[in-house]
Amino acid sequence: MHTIVLATPFPIHRIGIETIIRPYFSEVKLIEIQDGEDLIRLLAHREVDLIIVDPMLPDLLIKRLFEMREPLKSRPPILVYSEDDELLVGGKFIHMGATGFIEQKCSREQLISAISTVLNGDIYLSEKVWANIE
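When we follow my numbering, the leftmost residue of the sequence shown carries the number 358, and every step to the right adds one.
Among the hints, erroneous ones may be present.
Dumping the calculated DSBU-like pairs for lysine-lysine here, alpha-carbon to alpha-carbon at most 35 Å [claimed, not checked]: (1) K449 x K420; (2) K462 x K449; (3) K485 x K386; (4) K462 x K485; (5) K449 x K485; (6) K420 x K386; (7) K485 x K420; (8) K420 x K462; (9) K386 x K449; (10) K462 x K386.
Listed next, with one range per pair, are the computed distances between beta-carbon atoms [unchecked claim]: (11) I469 x I369: 15 to 23 Å; (12) A401 x E375: 34 to 42 Å; (13) A401 x I490: 30 to 38 Å; (14) D479 x E384: 29 to 37 Å; (15) P366 x F423: 16 to 24 Å; (16) P368 x L418: 31 to 39 Å; (17) S383 x K420: 12 to 20 Å; (18) W487 x P415: 19 to 27 Å.
Hints are computed from structural coordinates only; laboratory data are not their basis.
From the three backbone atoms N, C-alpha and C, an ideal C-beta is built for every residue, glycine too.
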C-alpha cells in the first residue's frame with residue numbers, strides 16, 4: 358500500500374486528484390495537507406511514499422521541503438503540482454530536488470503517468486520539458 362500526501366491549499370485540487378488516483382491505485386492511503394507547517398510536522402513523524410505538493414502551499418518555502426527531506430530515512434519523492442508553465446519552471450524544480458513536475462492543467466493520463474513514474478523511482482517531466490532540457 359502506498360501512502361501519498363496531497364499538499365495543496367485548494368480543496369477542489371485535493372478532491373480532483375483523489376478522484377483521479379483512486380481507480381488506478383486501489384491500494385493507496387491519501388493524506389490531505391493544507392499548509393506547509395502541517396506538512397513539515399507530518400514528515401517529521403511519518404514515512405510516506407510520495408508527496409504531491411503545490412508550491413503555493415501556505416507557510417512553505419519549497420526549498421525548505423527539499424532540504425528537510427534529505428535526512429529522512431525514506432526520502433520520499435516529491436511531485437510538484439503547479440499552475441506555473443512547465444517550460445519555465447519544471448526543470449528548475451528538478452534541479453532544486455523535486456522528482457517530478459506536472460502542471461495543474463494536466464490531463465488525467467498525464468497525472469497518472471507522473472505519479473507512477475515517481476513512485477517507480479524515476480524523474481517525471483513532460484516530453485515537452487525533456488526536449489527543452491536536452
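Results of checking the hints against the structure:
Note on K449 and K420: the hinted pairing holds, with a Cα-Cα distance of about 11 Å set against a maximum of 35 Å. Taking the CA atoms of K462 and K449, the gap is near 19 Å; set against the 35 Å cutoff, the hint holds. For a cut-off of 35 Å, the pair hint linking K485 to K386 stands: about 31 Å separates their Cα positions. Of the pairs offered as hints, the one joining K462 and K485 holds, with about 15 Å between alpha carbons and a cut-off of 35 Å not exceeded.
The straight-line distance between the Cα atoms of K449 and K485 is roughly 15 Å, inside the 35 Å bound, and the hint therefore holds. Distance check on the hinted pair: K420 and K386 sit about 26 Å apart at the alpha-carbon level, within 35 Å; holds. Between K485 and K420, the direct Cα distance comes to roughly 24 Å. Compliance with the 35 Å bound is thereby established for this hinted pair. With a CA separation close to 23 Å, the supplied pair K420 and K462 stays within the 35 Å bound.
About 29 Å separates the Cα atoms of K386 and K449, which keeps this hinted pair within 35 Å; it holds. The straight-line distance between the Cα atoms of K462 and K386 is roughly 24 Å, inside the 35 Å bound, and the hint therefore holds. Our hint of 15 to 23 Å for I469 and I369 holds, since their Cβ atoms are close to 19 Å apart. The hint said 34 to 42 Å for the Cβ distance between A401 and E375, and at roughly 24 Å that hint is violated.
Evaluation of the 30 to 38 Å hint for A401 and I490 yields a pass: the beta carbon distance comes to about 33 Å. The hint said 29 to 37 Å for the Cβ distance between D479 and E384, and at roughly 20 Å that hint is violated. In this structure, P366 and F423 meet the distance hint of 16 to 24 Å, their C-beta atoms being roughly 19 Å apart. A hinted range of 31 to 39 Å is violated for the C-beta pair P368 and L418, which are about 23 Å apart.
Distance hint for S383 and K420: a CB-CB separation of about 34 Å, inconsistent with the stated range 12 to 20 Å. Under the hint 19 to 27 Å, the C-beta atoms of W487 and P415, about 31 Å apart, miss the expected range.
Hints 12, 14, 16, 17 and 18, counting from the list given before, are not met by this structure.
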